[in-house]
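There are 2 protein chains.
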Amino acid sequence: MITVTVQTRPRPYQVVVGHGVLDEAAERIRAACGAARLVIVSDQNVAGHYLDGLSASLHEAGMTVSHVVLPPGEDQKTLARAEELYGVLYERKMTRADAVVALGGGVIGDLAGFVAATYLRGLLLVQAPTSLLAQVDAAVGGKVGVDFRAGKNHVGAFYQPRLVLADVGTLATLTAAERRNGAAEVVKYGLLSGEPTLARLEAALAPGTGADLPPESAGSASAPPKSAPPRPAPSGPVPRLEPDPVALCDEEIIAECVRYKAAVVVADEREESGERHLLNLGHTIGHAIEAAGGFSLYSHGESVGLGLHAALWLSQRLTGLDAAQAARGERLVQAAGAPSRLEGVDLQAVAGLVSRDKKAVADHVPFVLLEDLGRPVRGVHVSTADIEEVIAWLAAR
Amino acid sequence: MITVTVQTRPRPYQVVVGHGVLDEAAERIRAACGAARLVIVSDQNVAGHYLDGLSASLHEAGMTVSHVVLPPGEDQKTLARAEELYGVLYERKMTRADAVVALGGGVIGDLAGFVAATYLRGLLLVQAPTSLLAQVDAAVGGKVGVDFRAGKNHVGAFYQPRLVLADVGTLATLTAAERRNGAAEVVKYGLLSGEPTLARLEAALAPGTGADLPPESAGSASAPPKSAPPRPAPSGPVPRLEPDPVALCDEEIIAECVRYKAAVVVADEREESGERHLLNLGHTIGHAIEAAGGFSLYSHGESVGLGLHAALWLSQRLTGLDAAQAARGERLVQAAGAPSRLEGVDLQAVAGLVSRDKKAVADHVPFVLLEDLGRPVRGVHVSTADIEEVIAWLAAR
Chain L
1 MITVTVQTRP
11 RPYQVVVGHG
21 VLDEAAERIR
31 AACGAARLVI
41 VSDQNVAGHY
51 LDGLSASLHE
61 AGMTVSHVVL
71 PPGEDQKTLA
81 RAEELYGVLY
91 ERKMTRADAV
101 VALGGGVIGD
111 LAGFVAATYL
121 RGLLLVQAPT
131 SLLAQVDAAV
141 GGKVGVDFRA
151 GKNHVGAFYQ
161 PRLVLADVGT
171 LATLTAAERR
181 NGAAEVVKYG
191 LLSGEPTLAR
201 LEAALAPGTG
211 ADLPPESAGS
221 ASAPPKSAPP
231 RPAPSGPVPR
241 LEPDPVALCD
251 EEIIAECVRY
261 KAAVVVADER
271 EESGERHLLN
281 LGHTIGHAIE
291 AAGGFSLYSH
301 GESVGLGLHA
311 ALWLSQRLTG
321 LDAAQAARGE
331 RLVQAAGAPS
341 RLEGVDLQAV
351 AGLVSRDKKA
361 VADHVPFVLL
371 EDLGRPVRGV
381 HVSTADIEEV
391 IAWLAAR
Chain H
1 MITVTVQTRP
11 RPYQVVVGHG
21 VLDEAAERIR
31 AACGAARLVI
41 VSDQNVAGHY
51 LDGLSASLHE
61 AGMTVSHVVL
71 PPGEDQKTLA
81 RAEELYGVLY
91 ERKMTRADAV
101 VALGGGVIGD
111 LAGFVAATYL
121 RGLLLVQAPT
131 SLLAQVDAAV
141 GGKVGVDFRA
151 GKNHVGAFYQ
161 PRLVLADVGT
171 LATLTAAERR
181 NGAAEVVKYG
191 LLSGEPTLAR
201 LEAALAPGTG
211 ADLPPESAGS
221 ASAPPKSAPP
231 RPAPSGPVPR
241 LEPDPVALCD
251 EEIIAECVRY
261 KAAVVVADER
271 EESGERHLLN
281 LGHTIGHAIE
291 AAGGFSLYSH
301 GESVGLGLHA
311 ALWLSQRLTG
321 LDAAQAARGE
331 RLVQAAGAPS
341 RLEGVDLQAV
351 AGLVSRDKKA
361 VADHVPFVLL
371 EDLGRPVRGV
381 HVSTADIEEV
391 IAWLAAR
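Chains as they are written, first to last, in the working numbering: chain L, 1 to 397; chain H, 1 to 397.
Isolated chain L (complex conformation) (with noise of 0.2 Å):
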């Protein structure tokens, strides 16, 4: 087992990573924060596996232990919902030296990490992520929230937990879509923290994943310098790779990015000075992706190893990204499982959407790309026009 703290203020909290880590849930939630009385909301494809154990675990241990239990899936994340459990925190008379327990992936730890921020102004929150993507990105760091119109988590709070169990053992029942849907967020550290990370990234993709293609099958290569803008013609169907990625979910890789992000977060925990945008890489045309795709024609992994694709491009032309890293980096984002093109949806609506952005300021939206891979560089005013641009390129591949 892994721990990383996060040295958040006033308080610290720790990310315990690896197998078994539910098991010791209640001595560890004991240290942590103390709570007695506990709610575990779950949803119904996790709590099948793993809510029985741990409540049977918890309770031996003395502790007070309900549970609510939610269908699965995005359309889950609404402030309807929210309110819903606000009902039931209130009718089992929760205060604040009680705790929330969010067993399950993104949609969980968002929406009930976000009712236990608000409910009485907070309660005790431990975030216990069942999936490759919320251990290494939802489950740390405090973004809580629900989905309003077409935004995603357009109504939330900055909330930290006070213990994030991160159980690897549990992402060996999730299916090969689910793993990929939190490998592009695994690629995307890679691509923001480079050697060593990328080079046990490409380690652990290359058996079979299509990491060891030659470059010009990755189609990477075709975001031309500026002098000549790219209008490549649609190149026929790209045969889809649908690899499961299980090598990523890996105590040690978790580990990574779960450290790269605790730094990023510490250094900017509220999103006001301007660091934690890196992690935005891939994920402003990526939300926007997944909003015009009804959140549920491309999955948050699919969508972000689009916005990927699209960073990666944008970045040769704009920050000097040279091709051959550019080419590097489509290759791990591929063996990923990203998708190659962007299919069924209105164009038109994922430039509009762009413009909404949680991090749009005034008139603009910043982005995130690479000079080099393991080079970030945020802040970058992209134009419409090249907005629409690399949305017709991944719309054209």
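Among the hints, erroneous ones may be present.
[Said to hold, decoys possible] Below, a list of computed lysine to any residue pairs in the SDA-like style, where the Cα atoms sit at most 20 Å apart:
no. : chain 1 : residue 1 : chain 2 : residue 2
1   : H       : K93       : L       : P366
2   : H       : K93       : L       : Q348
3   : L       : K93       : H       : V68
4   : L       : K93       : H       : R356
5   : L       : K93       : L       : R81
6   : H       : K93       : L       : K93
7   : H       : K93       : H       : Q76
[As the list claims (entries may be wrong)] According to the in silico footprint, chain H covers these stretches of chain L (three or more CB under 8 Å from chain H):
no. : region
8   : 131-137
9   : 295-309
Worth flagging that the hints you see were computed from the coordinates, not collected in a lab.
Each residue gets a CB set at the ideal place from its N, CA and C atoms; glycine is no exception.
Place chain H on chain L using the hints.
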């Protein structure tokens, strides 16, 4: 004009108290947070007096201003209203660089503040309190929220404004009842801080308001020591004083309250170390009375006034408050226009609601009581029997 700086982290903010503060809104907002796009949230009562003037001056200063005007009243503080306001912010494409200006009393400040706190995880917030209650209490310190079922502010957040504009001139258009609504909070600060505020408040309230009533008519000496539990018989109709505490609408007095609150808030911004509980003097039972009366039978100020009566009674029994000092406190509470007696609510319901207090911890609710005027003590464990007894006493005075 008096400026009080609230030294919150990561960023302090200013509370400007004085006549004509709203006339300087544009330059002060620009200096405080640089916002250039503003949505003013107000209610029909307040908007009629101040919205046009404020909008025009902000507009003249080159800012983009729009507004939302809600019906007045506590019943606006709901999740449904919050959701409507999210919709307004969404449609107007507000970003995190833009501000919500809460122009009104505590209801507007709490509701608009909660919406600002949670939309996009936080827009800029300017509080422009126009009631005595909001100027000395709600607008300072960062508590925002909406009501949920019987729980006042049961859903909320800690979210500091960037600026508070407390224009004392706006208090002239309040009704006497509205001024009384804030007067109980002002008296609370006197009871908490002792001299010189106490003497100043007595001087302000004395002329014809009843502060100079002889002790025996204020009923405060009726709480006997623990060894002889009080069972006073109803003492017949108590003349209801309905003074207009207009003398409290004073720049110096308001600034003194703000200074006291600011110091407490800075010591304990998120109600964690306990310092902030001090502000809860009179509120534990006050909130329960307010909720039991459906948030309409008793105003917040009347509820807190009754709660202060109860706190003085309990302080004699449990924390050694001298009877003469209790009588002095009682006179001040009464002079500020608090009801003399609790009537029209179910007493069991009041007692039951005390246990739902947001500060409840596990099996009890910590009370703030007084060892002496100006010497509060917090975390006092009051038994269920004592709670029931003081509520019965309030109803039987």
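- Query: So which hints don't hold here, by number, going up?
  - Reply: 3, 6, 7, 8, 9
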